[in-house]
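Number of protein chains: 2
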Amino acid sequence: MLRPWQVSLSERLDAASATPVYLQIIQALIRDIERGRLKSGEFLPSSRDLATALGVNRKTVVLAYEDLIAQGWLDSAGTRGTIVSSSLPEPVRNARTPKAAHPAESEAQYWFAPPPARPLALPSGPGLKLDEGAPDGRLFPADPLARAYRASALKASSDNRLQYRDPRGSPALRDSVAAMLRSQRGLNVRTENVCITRGSQHSIFLASQVLLNPGDTAVVEELTYEPAVAAFRARGAKIAPVGLDADGIDVDAVEAVCRRHAVKAVFVTPHHQFPTTVALRPERRLRLLELARQFGFAIIEDDYDHEFHFGGQPLLPMAAYAPEHVIYAGSLSKLALPALRIGYVAAPVAVIEALAHIVSLVDGMGNTLTEDAAAELMENGELRRHARKVRNVYAARRSQFAEALAETLGEVVDYSIPDGGLAFWLRFHRVADLDKIEAQAPGLGLRFATSRSFMARDDAPRGLRVGFASLNPGEARAAIRALKSALD
Amino acid sequence: MLRPWQVSLSERLDAASATPVYLQIIQALIRDIERGRLKSGEFLPSSRDLATALGVNRKTVVLAYEDLIAQGWLDSAGTRGTIVSSSLPEPVRNARTPKAAHPAESEAQYWFAPPPARPLALPSGPGLKLDEGAPDGRLFPADPLARAYRASALKASSDNRLQYRDPRGSPALRDSVAAMLRSQRGLNVRTENVCITRGSQHSIFLASQVLLNPGDTAVVEELTYEPAVAAFRARGAKIAPVGLDADGIDVDAVEAVCRRHAVKAVFVTPHHQFPTTVALRPERRLRLLELARQFGFAIIEDDYDHEFHFGGQPLLPMAAYAPEHVIYAGSLSKLALPALRIGYVAAPVAVIEALAHIVSLVDGMGNTLTEDAAAELMENGELRRHARKVRNVYAARRSQFAEALAETLGEVVDYSIPDGGLAFWLRFHRVADLDKIEAQAPGLGLRFATSRSFMARDDAPRGLRVGFASLNPGEARAAIRALKSALD
Numbered sequence: 001m002l003r004p005w006q007v008s009l010s011e012r013l014d015a016a017s018a019t020p021v022y023l024q025i026i027q028a029l030i031r032d033i034e035r036g037r038l039k040s041g042e043f044l045p046s047s048r049d050l051a052t053a054l055g056v057n058r059k060t061v062v063l064a065y066e067d068l069i070a071q072g073w074l075d076s077a078g079t080r081g082t083i084v085s086s087s088l089p090e091p092v093r094n095a096r097t098p099k100a101a102h103p104a105e106s107e108a109q110y111w112f113a114p115p116p117a118r119p120l121a122l123p124s125g126p127g128l129k130l131d132e133g134a135p136d137g138r139l140f141p142a143d144p145l146a147r148a149y150r151a152s153a154l155k156a157s158s159d160n161r162l163q164y165r166d167p168r169g170s171p172a173l174r175d176s177v178a179a180m181l182r183s184q185r186g187l188n189v190r191t192e193n194v195c196i197t198r199g200s201q202h203s204i205f206l207a208s209q210v211l212l213n214p215g216d217t218a219v220v221e222e223l224t225y226e227p228a229v230a231a232f233r234a235r236g237a238k239i240a241p242v243g244l245d246a247d248g249i250d251v252d253a254v255e256a257v258c259r260r261h262a263v264k265a266v267f268v269t270p271h272h273q274f275p276t277t278v279a280l281r282p283e284r285r286l287r288l289l290e291l292a293r294q295f296g297f298a299i300i301e302d303d304y305d306h307e308f309h310f311g312g313q314p315l316l317p318m319a320a321y322a323p324e325h326v327i328y329a330g331s332l333s334k335l336a337l338p339a340l341r342i343g344y345v346a347a348p349v350a351v352i353e354a355l356a357h358i359v360s361l362v363d364g365m366g367n368t369l370t371e372d373a374a375a376e377l378m379e380n381g382e383l384r385r386h387a388r389k390v391r392n393v394y395a396a397r398r399s400q401f402a403e404a405l406a407e408t409l410g411e412v413v414d415y416s417i418p419d420g421g422l423a424f425w426l427r428f429h430r431v432a433d434l435d436k437i438e439a440q441a442p443g444l445g446l447r448f449a450t451s452r453s454f455m456a457r458d459d460a461p462r463g464l465r466v467g468f469a470s471l472n473p474g475e476a477r478a479a480i481r482a483l484k485s486a487l488d
Numbered sequence: 001m002l003r004p005w006q007v008s009l010s011e012r013l014d015a016a017s018a019t020p021v022y023l024q025i026i027q028a029l030i031r032d033i034e035r036g037r038l039k040s041g042e043f044l045p046s047s048r049d050l051a052t053a054l055g056v057n058r059k060t061v062v063l064a065y066e067d068l069i070a071q072g073w074l075d076s077a078g079t080r081g082t083i084v085s086s087s088l089p090e091p092v093r094n095a096r097t098p099k100a101a102h103p104a105e106s107e108a109q110y111w112f113a114p115p116p117a118r119p120l121a122l123p124s125g126p127g128l129k130l131d132e133g134a135p136d137g138r139l140f141p142a143d144p145l146a147r148a149y150r151a152s153a154l155k156a157s158s159d160n161r162l163q164y165r166d167p168r169g170s171p172a173l174r175d176s177v178a179a180m181l182r183s184q185r186g187l188n189v190r191t192e193n194v195c196i197t198r199g200s201q202h203s204i205f206l207a208s209q210v211l212l213n214p215g216d217t218a219v220v221e222e223l224t225y226e227p228a229v230a231a232f233r234a235r236g237a238k239i240a241p242v243g244l245d246a247d248g249i250d251v252d253a254v255e256a257v258c259r260r261h262a263v264k265a266v267f268v269t270p271h272h273q274f275p276t277t278v279a280l281r282p283e284r285r286l287r288l289l290e291l292a293r294q295f296g297f298a299i300i301e302d303d304y305d306h307e308f309h310f311g312g313q314p315l316l317p318m319a320a321y322a323p324e325h326v327i328y329a330g331s332l333s334k335l336a337l338p339a340l341r342i343g344y345v346a347a348p349v350a351v352i353e354a355l356a357h358i359v360s361l362v363d364g365m366g367n368t369l370t371e372d373a374a375a376e377l378m379e380n381g382e383l384r385r386h387a388r389k390v391r392n393v394y395a396a397r398r399s400q401f402a403e404a405l406a407e408t409l410g411e412v413v414d415y416s417i418p419d420g421g422l423a424f425w426l427r428f429h430r431v432a433d434l435d436k437i438e439a440q441a442p443g444l445g446l447r448f449a450t451s452r453s454f455m456a457r458d459d460a461p462r463g464l465r466v467g468f469a470s471l472n473p474g475e476a477r478a479a480i481r482a483l484k485s486a487l488d
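Residue numbers (our numbering), protein chains in the order written: chain A, 1 to 488; chain B, 1 to 488.
Misleading hints may appear alongside valid ones.
Taking lysine-lysine pairs in the DSS-like style, the calculated list, with each CA pair at most 25 Å apart, reads [to be verified]:
# : chain 1 : residue 1 : chain 2 : residue 2
1 : A       : Lys155    : B       : Lys155
2 : B       : Lys155    : A       : Lys389
3 : A       : Lys238    : B       : Lys238
4 : B       : Lys389    : A       : Lys155
5 : B       : Lys436    : B       : Lys484
6 : A       : Lys484    : A       : Lys436
Simulated from the structure, these hints should not be mistaken for laboratory data.
Predicted, not measured: the structure shown is a model, and the values here were computed from it.
Sequences and hints are given; from them, build the entire structure.
In structure tokens form, the structure reads like this:
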């Protein structure tokens, strides 16, 4: 007759499982010991009896018993058989049978407090996706990237020194980024001023750890990049949202916050404001720098799509003329591929060293293979060639998108053609239209970031940010028509 | 005559710089405006005069003026010339000339508090390096890796949907990891139980964010993996180090801590204790699980080099028989290459979702190219083939290393041949010998983690962890002789 634990064991064995049966037996026996169903000193059936009872090969049971003896779970009692190791403690509780199908789910709750609710960006399902300004990955040349990765892989497997490296990133990529920032963006930086990161969000997260202590205040615009706000909040910072107009952040409001709170960081996207696309005007920049000096905060300048500026030359980053006040964040996500996860921070050396300490806690270092591949693409000119090519493509798509907007949605939305960046900001004449689009879109298979996702406070003006670069003209027209159809 | 700011401008221009001269002029003029050396409404010299004064082509100055006018820094005053934009605010402070060579360095201090001192793992210089148990990257086949990356790159550039994805990682890799954990480690997990990370440190950091609130207590062994301790501390947790012997963590000491403090996490490396290499014995495992249930903490099980177990089969992870108490962390750093930065966590679904929220704050998502390439290497069997190959190589190196140790250092150190993992733990008969080695090593060009780097409390027994896998027999003998020579 089978004892209760044997019944349970028999029920739990699954010949069709990917887990080999002998591992299943080991797992089940340890679990039975752990749950008190098998007690210290208790005799196990002979391997022959258990094999017969379970309908498995005897060798399988022998293998499991041998492993369990070697690991100290079971003891061999010579010719008398096999017992549960007598050194094991008596369980102090009653055996409990978990109720959930997957036992872990029902019992992890007691030590696990779910994080604050925040919509999780899960992968795109089917349907039409309007992004917030992503590049068109289909335009990126896979061959040079693959070649660069091949070179990286060969290098990595030829030299053991490349194993665990500098938390500030691959020297080759730091050099290339510093050179690019000097030659193309007027930043007076050396390699020591650069830390490679895993993209803009990583840069912002690292900066928040260095700048903010719990209880400090971070200023953001009332319409802003929500993941940055979430990173500041996760650090325990208070968030002070301030107004925003066509010239950028309301600097008087920033000053008012500074007079009442310990402001340690102001997060801005001066080149192409996220989400509204406007540029921060010179007079606002000067006031912001003045306030930084006066109240002792750092400006986090997120220049997430610097390369794509269509109305004249790109604007000089604030970090180019006021490096002492700015933590500058850029990335290759828009220029190359988001999937590369390459971003960078430029800042004073002491800040870079502090960021490196945070990196060493957070993820140790970056992916050297990818960093060296990216450096190769910067050095061999592939990224520059790609930038030239897609700048022209995107400029054309911007115009075509504007035309399609005017034709299809011209009577319900206001928008400006953005000087730079890869998205339009749509303001609706009637909020009811926006509400209707947001309510109807999911049913039409149309997905986009909702107007609320940009709002750092409830009374901020609502709008939609709609990327134009990742869609070819046909896709763009279809997307805009889909938006329109949500109104019908 | 040149006005003061022109002198300064002239001095600052650097024809040899990587920054184009017109960008240098823009940068310098904005900086002069920002510093109050150029005032709102002030006339600039004609482009001809400035070009002559600076010794540059007039077109360069024209280009700079045009850009500055377009950006709103300067205004055209018609035929009378060019002025600093009258909309700019008057600076409220005196112009200051930064004193440091690099201006940012002297001024960032006021908003920047350096992080707590912790030795930063900077890249290896020249000389001989003894690691803490790294694999030999030279054994890793670059060709299959390069091919897998090529396939990833082609996929990424063929499908725009692959741009921004799931913070839990590439579906292909999550599937492959779940299948591997089921078939090789007896974990009863589905894809939903897996979150891909950027290596073990990233897993530990993410887990610490989910498990710990500031003021909570994390238990670690007195000899442990210091970066984990640093991650817990960064979260504001109190650290409670407890004793450790040849059977693993002192569970009575864990219970004593639990009776006095709010313990939310216990960090262990049960398979191959870091740094001492011992396995956590069954009776200790059971007591630890009992305490987890009784006091409501989670066990962080870091199984950082599971694949390399030489004395019999690998031990079943605690997560295999008690998933409700365990956040399980593994990685491809030891099996493949640390530079890949691929780790994973297996845990109850609710925990995985919480980790995904933290990922979305910390770095958004992983490198999809690398994740898909790793999935390909798991699916096509390359990683399994590689594991078989290096397991044999490392088993031989373990024996050779032990022989060389016995020959060369047998009279000064105690050690056991480790059942698993890629390192030896050396205990010195006389602490004076260890002190001498640690004092002399740098001068001999010998680098290794010092005995203090493993100690979570000052009275922990000191020792050295010395990796044997990354060194071929000749290198290993040289390294051991170098250790010995530090004693002479």
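>> Checking one constraint from the list: CA of Lys436 of chain B to CA of Lys484 of chain B, max 25 Å. Satisfied?
In response: Holds. Lys436 of chain B to Lys484 of chain B sits at ~10 Å (cutoff 25 Å).
> Within 25 Å, alpha carbon to alpha carbon, are Lys389 of chain B and Lys155 of chain A?
Replying inline: The given pair, whose Cα atoms are some 21 Å apart, holds under the 25 Å limit.
> Does Lys436 of chain A lie within 25 Å of Lys484 of chain A when you go C-alpha to C-alpha?
Replying inline: holds, 10 Å
> Are the Cα atoms of Lys155 of chain A and Lys155 of chain B separated by 25 Å or less?
Replying inline: holds, 24 Å
> Taking only the CA atoms, is the gap from Lys238 of chain A to Lys238 of chain B under or equal to 25 Å?
Replying inline: holds, 24 Å
> Would the pair Lys155 of chain B and Lys389 of chain A pass a check requiring their Cα atoms to be no farther apart than 25 Å?
Replying inline: holds, 21 Å
Checked against the numbered hints given earlier, this structure breaks none of them.
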